[in-house]
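Which chain is which? The protein sequence lines are A and B, in order.
No gaps in the numbering here: position 292 of the first sequence is 292 in my numbering, and each next residue is one more.
No gaps in the numbering here: position 124 of the second sequence is 124 in my numbering, and each next residue is one more.
Be a bit skeptical, because a hint or two may be false.
Note: identical chains are not told apart, hence a pair may lie in one copy or across any two.
[To be verified] Okay, derived cross-link-like pairs now, SDA-like style, lysine to any residue, Cα gap no bigger than 20 Å in a straight line:
| id | residue 1 | residue 2 |
| --- | --- | --- |
| 1 | Lys159 | Arg308 |
| 2 | Lys159 | Arg190 |
| 3 | Lys121 | Ala340 |
| 4 | Lys5 | Glu203 |
| 5 | Lys359 | Cys509 |
In short, the hints are calculated from the structure, not lab data.
Protein chains: 2
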Amino acid sequence: MDLKKRVDIAAGREPADLLLRNGRIVNVLSCEVHEGDVAIAGDRIIGIGSYRAHRVIDLGGMYVCPGFIDGHVHVESSMLTVPEFARLVVTHGTTAVIADPHEIANVMGAEGIRFMLASSKYCPIYVFMMISPSVPASGFESSGAELSALDIAPLLSDKWVLGLAEVMDYMGVIAGNDECLAKLGTADGRPIDGHAPGLRGRELCAYIAAGIHSDHECTSLEEAREKLRLGMHIMIREGSQARDLDALLPLVRPETLDRFMFVTDDKDVEDLLQEGHIDHIIRRAVAAGMNPVHAIKLATINPARYFRLHDLGAVAPGRLACLTILDDLEKCHVRQVYHAGRLVAQDGVPIDPDAPHRKPLVLRSSINVHWLEPEQFAVRVSGEGDCLVHVIEARDGHVETGRTVERVPIVGGQLHADPKRDLCKVAVIERHQASGKMGLGFVRGFGLSGGALASSVGHDSHNLVVAGTNDLDMFTAAVQVVKQRGGFCVVRDGHVLYRLPLPIAGLMCELDAKTLYAELQALHRAAAALDVRLRRPFMALSFLTLSVIGALKLTDQGLVDVENYRLIDLVAARPTD
Amino acid sequence: MDLKKRVDIAAGREPADLLLRNGRIVNVLSCEVHEGDVAIAGDRIIGIGSYRAHRVIDLGGMYVCPGFIDGHVHVESSMLTVPEFARLVVTHGTTAVIADPHEIANVMGAEGIRFMLASSKYCPIYVFMMISPSVPASGFESSGAELSALDIAPLLSDKWVLGLAEVMDYMGVIAGNDECLAKLGTADGRPIDGHAPGLRGRELCAYIAAGIHSDHECTSLEEAREKLRLGMHIMIREGSQARDLDALLPLVRPETLDRFMFVTDDKDVEDLLQEGHIDHIIRRAVAAGMNPVHAIKLATINPARYFRLHDLGAVAPGRLACLTILDDLEKCHVRQVYHAGRLVAQDGVPIDPDAPHRKPLVLRSSINVHWLEPEQFAVRVSGEGDCLVHVIEARDGHVETGRTVERVPIVGGQLHADPKRDLCKVAVIERHQASGKMGLGFVRGFGLSGGALASSVGHDSHNLVVAGTNDLDMFTAAVQVVKQRGGFCVVRDGHVLYRLPLPIAGLMCELDAKTLYAELQALHRAAAALDVRLRRPFMALSFLTLSVIGALKLTDQGLVDVENYRLIDLVAARPTD
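When you get a sec, could you build the whole thing from the sequences and use the hints?
As structure tokens, this is what we get:
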């Protein structure tokens, strides 16, 4: 619609397309709720007030909010394709997400990012992208791709790309690493998101001075306060693993509202279905005592302003008609959702008017593993007696891991898992270049009584991760994941108990949310048969390899002492020591 | 300084250039005051905390604010050149202004805007420009230039130009006038400032839907509330004439802080010297009960964000080191000012390190008047008896005028001024094209007992404006202004009592602020000798011709009924009626 037509309708000379009458507007600009009729023409809100329209919907006093915006999300973590993710979150009132295709970028590089951009067309929400500058996340893992500054620069010219996604290699930035700084330079004034868990003081100043102006990794009030003071927009994260709302909410005062927003970062399909998306964070914030209009401000105009999406985030003339209709403000209960002027969800059901325009997209298979043998899973040590071994401690609901040292006897020249002490073996197998690289270690926390779990989701390089109590089951599980072009499986006594293929980059599948949820339930039941103790064993498995956060991690290159930024030997002390 | 060097210093590997130690930071991001040492390298703040530096200044507990920003100012209204304006306001803590060169644009067009841009180089503050889309302000006056969309577009590519300045022709926008909308199109996503006095309802929606997102013309709480709700950033104006702070302050709540900023719009040199600049607005807001940190937020990060000046507005790493040091927060008393890392004012004295770089700029003379004769100032009417005549009512301290109808006797075929009833004659003479166009009318409020005042400042076309009690003095005053290439003069009985030349576009002079102030004092004393009743008679004179605001105005084309948007006859009813 041209500007002249828009002005003609706004001025009342021509009728609007749609009038939402008798609504109570949740005004995130004036921070109040007031009555008003919302007139829409084409994809825009054109006025609030008395308007004629071709179609009138009486809202009967329901609340008209700006559509919710997720300021930072890895869509891949839902294991859904972008359209299926959109169909799910739109029923929860989300009308825009700022996606960081970091996971697929680690597997497929620019090809993966372009696939995500292409997948985002004709969705019932807006999907903006930030380009991941930290691929691979660290030098301690072998990813499927490396993105240099020269690879990143052309991606930034896409109109749906807003800037650079979380800069995970904060040590590289602080050290003034040339390639890190060159990547930052590609943003050329666009927003750059941060990822700086625990960073404080001069190091934090250096990171911010380099041009990085947000952070979603604050877990304590004091950390968030320092980042807020130093100029970062604080993204309050409530995802599946990381849940920081309770810790950070006390920092959000009315006068600092504009410096905060809500994000999910990583949220799996079970939690999206059971809890919701940004609506869930609003509900939780309100339940914790926050004014609902303030909470909705953090979910709408704040990310819109931070990401310079000046046409989004408010119920106001000229803005895109992305609206979420609630019948209960405190409970944030979504009845209808409009996207660019069209109804896209009603009572939890997506409407998805552009679905026929979406074409199936083809992506090459991403699983490329050097031929495996069961013997490769053995941890061989020379000598006799007991070894002191570094052990990763998996923690349910946390990306971070702990670390400990355990005494393990050398039996037949090998170190074995010990289910009685909850000591599993874990292997990370390079799966992009068929290089044969493989890291072996021990993990505590899974509680496996036998068998093995395998996954092609393994942050951030997404190599194969296998945890198990014996080599044969670990081998069987790894091979099964290769055969099914990625995904998860549960193996016991050489038999595949359950398998869930994720053929898109080994991260996602074409299933709809409910079907995927049912598959995951079945998968978890199979895992439960191994006496798995964790609520989300495959998520925990996937974070065992994330080499930028936590105390101790395992990659295809070996054990990573994250805090000291170095590879270490599995064996802390040998019998001869 | 390259990014690597900046990061090296921020990380503490190299010493900073300057450390401001023992300050109390006025943090407009976290909305609090906290202790901290501010480290500066080159033109940037690089860190807050413990740093080594080549030079250390102990602030002894003084307050470190971000430099103040005036979000909307016509520098020409100070009658100072940009550098002299900068030297004045920097002593009041202002380190950036967003200037709208609307006045000079009306006289000299793009040449005038380019002159202002060139004048802004090497100043002790940042001078950003918005391009005036409303030249002339209306079709009822003959300006020195017209700026079409094609003229505006190339100006927007200058790196110091941020967007489009106040769109004064709001009726044109609402009517969907093609040229008006084409001008808006040149902004191409950049900010567009509004000017919509009293606009409400659907017309306001249409104006905002056209892409205009600020307004500095709110005079009542209800008007501002509606504009706030509909998406406008509210610029709270405290200038010389318009003072809206008291009316609007109750609308500013902690949770809506981010939607407001402070501007001066038009402030003359007397008020700038006596009251100050943005510091004065902060003082007044705090005196009215506002939290000082909140007030400073409106003067710093808020305009920075609205104008997308992401490197300004806060004391935080990576931002430009534009800092205002206060020794009293409540009184907003400025001790030192730093601009881009350098001291530029100390205890009210500008330091202006780049003054030697400024080159004198030449602009052609702007006064081009058709030869004048005293007889042209006569108001001739046929018939006999009394006429009912439209009279403009000048109001001290207001841009608006009132209107009334007065009975004036026809004497010798003419209508004469009547000092006893405070009825002056007023003439507006076209002074750009020597077209000979001239409007004649009557004004009340000046209180002249005799003589005449003349001015080449006459908003917005800046034609010659002459008010007087008799034709000969009006003629003499007009000719004097022509001879001096613009400015003001006071005439009585054929003698020039005082003259103040403004040779730059008939609007500005090369004098420094204090000298200009002394000149204006002398001018006002001369005017007082004519028994002038208004506090600022030349400012009132200059607004008599502004044909977009107020009830009744006079231009070179005649009397303008502003509310009904038309030209009207001077004579409301004739003897024969």
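Hints and how they fare:
1. Lys159 with Arg308: The answer is both: 13 Å in one copy and 19 Å across copies each meet 20 Å.
2. Lys159 with Arg190: Both ways: lysine 159 and arginine 190 sit 12 Å apart in one copy and 16 Å across, limit 20 Å.
3. Lys121 with Ala340: within (14 Å within a copy, 44 Å between copies)
4. Lys5 with Glu203: Classified as between: cross-chain Cα gap 14 Å, same-chain 53 Å, threshold 20 Å.
5. Lys359 with Cys509: Result: close within a single copy only, 16 Å intra versus 67 Å inter.
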